[in-house]
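Chemist: What follows is each chain in one-letter form.
Protein chains: 4
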Amino acid sequence: MILILQPQVDSESAEYKKLIAALSVLPNIQVRTHQVLGARQTLTEIYLLGDTLSLSIEDMRSLPCVERVVRVSQAYRILGRHKDDLRPTAFEYNRVRFSQDDLHVFAGLCAVDVRENVERMMSLLRDNGLVCTRMGAYKPRSSPYAFQGHGKTCLPYVFELAGKYGIRVIAMEITHESHIEEIRAALAQTGQATGVMLQIGTRNIQNFELLKTVGRQQDFPVLLKRGFGITLEESLSAAEYIASEGNSRIVFCLRGMKTNLGDPHRNFVDFSHVPVVRRLTRMPVCVDPSHSVGTRDKSPDGILDILHATAQGIIAGANMVLVDFHPVPEQALVDGPQALLPSELPAFLEDVRLVRATYEKRRALFRPAGPNAS
Amino acid sequence: MILILQPQVDSESAEYKKLIAALSVLPNIQVRTHQVLGARQTLTEIYLLGDTLSLSIEDMRSLPCVERVVRVSQAYRILGRHKDDLRPTAFEYNRVRFSQDDLHVFAGLCAVDVRENVERMMSLLRDNGLVCTRMGAYKPRSSPYAFQGHGKTCLPYVFELAGKYGIRVIAMEITHESHIEEIRAALAQTGQATGVMLQIGTRNIQNFELLKTVGRQQDFPVLLKRGFGITLEESLSAAEYIASEGNSRIVFCLRGMKTNLGDPHRNFVDFSHVPVVRRLTRMPVCVDPSHSVGTRDKSPDGILDILHATAQGIIAGANMVLVDFHPVPEQALVDGPQALLPSELPAFLEDVRLVRATYEKRRALFRPAGPNAS
Amino acid sequence: MILILQPQVDSESAEYKKLIAALSVLPNIQVRTHQVLGARQTLTEIYLLGDTLSLSIEDMRSLPCVERVVRVSQAYRILGRHKDDLRPTAFEYNRVRFSQDDLHVFAGLCAVDVRENVERMMSLLRDNGLVCTRMGAYKPRSSPYAFQGHGKTCLPYVFELAGKYGIRVIAMEITHESHIEEIRAALAQTGQATGVMLQIGTRNIQNFELLKTVGRQQDFPVLLKRGFGITLEESLSAAEYIASEGNSRIVFCLRGMKTNLGDPHRNFVDFSHVPVVRRLTRMPVCVDPSHSVGTRDKSPDGILDILHATAQGIIAGANMVLVDFHPVPEQALVDGPQALLPSELPAFLEDVRLVRATYEKRRALFRPAGPNAS
Amino acid sequence: MILILQPQVDSESAEYKKLIAALSVLPNIQVRTHQVLGARQTLTEIYLLGDTLSLSIEDMRSLPCVERVVRVSQAYRILGRHKDDLRPTAFEYNRVRFSQDDLHVFAGLCAVDVRENVERMMSLLRDNGLVCTRMGAYKPRSSPYAFQGHGKTCLPYVFELAGKYGIRVIAMEITHESHIEEIRAALAQTGQATGVMLQIGTRNIQNFELLKTVGRQQDFPVLLKRGFGITLEESLSAAEYIASEGNSRIVFCLRGMKTNLGDPHRNFVDFSHVPVVRRLTRMPVCVDPSHSVGTRDKSPDGILDILHATAQGIIAGANMVLVDFHPVPEQALVDGPQALLPSELPAFLEDVRLVRATYEKRRALFRPAGPNAS
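Residue numbers (my numbering), protein chains in the order written: chain A, 1 to 374; chain B, 1 to 374; chain C, 1 to 374; chain D, 1 to 374.
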């Protein structure tokens, strides 16, 4: 880490001495000072060597005399891509493989409402050859007076039906650590009929206690949704929270950023970050076109914006798509009207396959010459 | 609630029928349809009457044919200001009164480091006539590798020292429900030497499970910090989460919004919302100039930006100021360099008194003529 | 237009009378008042009929008693898509056809530097079968001390070389009305060797005087870049400024929005709005991946982020791509290092063709059954 | 300027050589390379010395191998505060003195409508002892179909009435260079009855041609409004554009930033930047509470948000207040309903005086001990 000091800093000044004093007590850090005599002024820089990962750029920047701070080491110790890094980039869960080379569609209900609709959905998925889904039992809502999900009461029949229709992985949001145990119990009760990927929603992206809890268990992989209002770097650091506790089976999900610059979409679609997350980390990248776009508007070519956004994610290499369907959207209790219809699933999947095949051709076109390039 | 439909909606269309079907199943809601024949087109509106508070504007807006949704009832059932509302707007905790008519300064340590510094701080406060402080034991940090606070181990000496120096209320952030019990235990152990106001930080503003937990207890009042990345309305709804569980002793804290439009300050100072929160709700309003401004820069008049921001909050009616001090800022483990110095406290308080007195003169200047206007 | 009043408005109040007085003087507007007796409260709405396009929502919203304003007529009178609208959606310029059904690549220099590089670029384009390019002569820069472009002095050789290599349309930014005449003169001087599409940059999106000037001439079509810091609706209204003066040969360009939520890209890529602009207006939609992304970073699949963003625009139906190339990027005076290299052009074009073909397949997949669907 | 390279850069690599080649052709720049052998890695930095002001950070950052760029020289050559800088910080225009030590209220009409209202306003100002005002003749509007101001036709009577009532300076927005001549002509026609401060609005903040034009004339001082969507640094650089052409009599105006984080205010009030602009530059700082707040809402203390925002600007040292009044707001053609009423002017001014006096007390409290501290 480098601290670039303000120009013309006087090494005899009280401010400078304060800085040096503050640095000298940092544990396991060596401090080296460099001065450069320039045409116009003298520059001073301080190099911090050693265990700099424990230092925050923000803290260092606010020390006296410091103008800028540069971190030269890797930001994401566990999840990041490092030079000559041979660690595996894939994981398997309940016979489904997740990596930066795969693509899975998780179509399903934003919120579980009644058993009948769950069964219709599961049946539809099986008929279309899908083995993953999304099912919301615990719903965080902005208002305390809005429907909050059926919670653990719906879990047994959701899992049982999943098993009946061959569903292997359900992405399911949790908002409290107790939900993990409820899910574990319901799975046991149904004879491990299916698998669950624990989803942490955008509102809990910096609920570090919950992140640490899902990081400490090894039963379930985690789907972490990017936070709104914070930088991509901070959201990726939240993923590192999970990994630092021991569980690095994490899929990172882009779901749009909350700003009126994205109007008339519900959120500002951020799928241009698909290649960025793939570059900065080894996590598979998911896109959620339903919550990003938030409407069923379509362009004059007859294609829904939700499908355009899906295509934009996949053409850039996305590894997972989380998308809302509902057998009877007008009965849905949450976000119904952005849901796709059962009749739309075959064309949706055809579109996904078409665009994914194109992505693979693009990858072949640009593949580095080397023997083991990914 | 009013749903304004797209112009020229055909009441025989499939879309329209879907809408009516969706509305007809809403529980405890009556539906009335109005049509207006205009010069250019026919307009249709649908009025939803009854238990509309359970409906989300977003959900309704996404129904077919709907162009806009207007909620005509009050947003904040418990905390809001309603017509002819005579509910009390003040509460007392440990002999300190909080209301929209009071002003309290909570100067203290962003993060507890060593006992010696805690004692220096407490002693300083007593010498300056203050009975409230801030002390951070549990620190949420963006990186898992940064210092996370001393947690419960420091509580006994913090509370004991508070009692020794006459401190009655400590604002203390918690990030997990177990922290409440830890605080309760340490207070009991020290013979209720002081009081604690539970602080929920900006990162947990939509950690609804934590909000509900602090709402269910009555031992401690709550200081809720506005969230970044969400609207003011959503942050106030988060406060309503706490209140809806039974505890309405809540102070709402403005702490700056995270956007580069606020550069070179650490956050975009949002104290212009002080009168807005006072108008929309009955909560006392706190400002946090230290985290909003985030630097010790000063303008050519010799006044720190932190003090200018403080004055801006108070001149508009703020009821509480949360401000970082540290006896030896260069030793601080978190945010040290934005901390004010012990030697700066007397002038800080003089400034606060001066500006508060001016606010009171302004209030007298504009006071409505009526007998019991607040 | 509908004004929805605050609930419980008293029609005898002074505020209400002010509102009615203000509305009564609006020219060519009829006012109708409706009251609805609800379960909880009485609602009042006011319908404004007639020449409501001259009213601003913002102005109306700020009238006394008004809670919300809804505009029920079309926002974009000239450029918008209207029901049963048979107006042409394509235009031809210098034998190149622009419409929502075409796709053109404008590869070229961000800023003209020396004649030799212009010739290298033109020659490269011809060799790759391209007839359009971008060439910057007038460069608006944030700092007055940065290079501002060679201006009119370079025009003659740029146009002459364009003619020599068969280039038919050059997108060229102008920042002052006098530049139009300079371009016109240089074209005349070179015997109309090529054509020019006048580009209005993001910084001038609300320089209404310049918009009106380009709207008053018919010699050149216009490429209008979306503004940062304003809504999409406001940027589209800026296009309507041009059209309202008589020139509706306008291509609308997405170029990323300026917010730190887009980091580490230079801007937040906004190509998810491609279908939105196509739906709201009849303008062809351009994407500018170079300025949106702003780096040459690539993901592990070996594909540059700039190419991923290009693909994301095209897969959703973009009609034009504006992309920076430079024969010797390290010599470029502006934005050189984000430029693609001559050696990269063939694969870039192959990628464009591949993704465009996929878009056309997607369109066929979803094409409405009707005979004359676009 | 310092370029900090990516860690472990190989000085034999092609990328590195490209970088060096690009730097070697920069005019009037010396290049020095430094390498630092650290515990974990080798760091390389490149110092650019000489005429670095002509280089853009963005351009340098995008060169190969570069990780970060730091500019060590002053950003605002003319308007900035430099060490040991004795240049004057005040200017006088038409017998009114503007500086960082003064305070002037510019109350007036957002848009001129009819002569009668202009005269009512001028008369009101005189009766309250004011000699400055705001009058809008040229109004940039988001929609081409909205009222655009009366333009030059109203200038003669506006200036004549100003003279009649002793008004010395009118802040008046211009949107085209021709407006300067129109104003000059109308002033001549009325015998220089008053003075004009040319206002550049937020939409034209990066209309560099207009900035250069107002910078080239010396007849009128300039009021520059901060741009939305760009950083404060970029807006201050726009002021430097004016100064670099010769006219440094500039007042910088804060007017709120456009983001939904500021809701329910029309814009996000940014007056916390008053001390920042005073620190970074020598320009007097204006605040515009009317357009920032945009409503006549008031808090329970009976004080309008507009007045709270005004007080927040003044308590932090603002030097000018631009505020909308209208004799008959419901007749106003633009932004009428946010206007203050004539009957409110005396209390407004009393409030301004009270808060300004408090600011002066604050300044005395913190004044540095030195003899000639400002």
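None of these hints come from the bench; they were simulated from the model.
Worth double-checking, as some hints may not be accurate.
Heads up, the list lumps identical chains together, so a pair's fine if it works in one copy or across two of them.
[As the list claims (entries may be wrong)] Result set (DSSO-like, lysine-lysine): computed pairs, CA atoms no more than 27 Å apart in a straight line:
#	residue 1	residue 2
1	LYS152	LYS212
2	LYS298	LYS164
3	LYS152	LYS361
4	LYS18	LYS361
5	LYS212	LYS17
6	LYS212	LYS164
7	LYS164	LYS152
8	LYS17	LYS361
9	LYS17	LYS298
10	LYS298	LYS18
11	LYS361	LYS164
12	LYS298	LYS212
13	LYS17	LYS164
Chemist: Each of the hints needs a verdict: does it hold here or not?
Modeler: How the hints compare with the structure:
no., hint, in the structure
1, LYS152 with LYS212, "both (22 Å within a copy, 18 Å between copies)"
2, LYS298 with LYS164, "neither (35 Å within a copy, 43 Å between copies)"
3, LYS152 with LYS361, "neither (44 Å within a copy, 44 Å between copies)"
4, LYS18 with LYS361, "neither (58 Å within a copy, 31 Å between copies)"
5, LYS212 with LYS17, "neither (39 Å within a copy, 45 Å between copies)"
6, LYS212 with LYS164, "neither (33 Å within a copy, 36 Å between copies)"
7, LYS164 with LYS152, "within (19 Å within a copy, 48 Å between copies)"
8, LYS17 with LYS361, "neither (59 Å within a copy, 33 Å between copies)"
9, LYS17 with LYS298, "between (63 Å within a copy, 20 Å between copies)"
10, LYS298 with LYS18, "between (60 Å within a copy, 18 Å between copies)"
11, LYS361 with LYS164, "neither (36 Å within a copy, 36 Å between copies)"
12, LYS298 with LYS212, "neither (41 Å within a copy, 32 Å between copies)"
13, LYS17 with LYS164, "neither (70 Å within a copy, 34 Å between copies)"
When each numbered hint is compared with the structure, violations occur for hints 2, 3, 4, 5, 6, 8, 11, 12 and 13.
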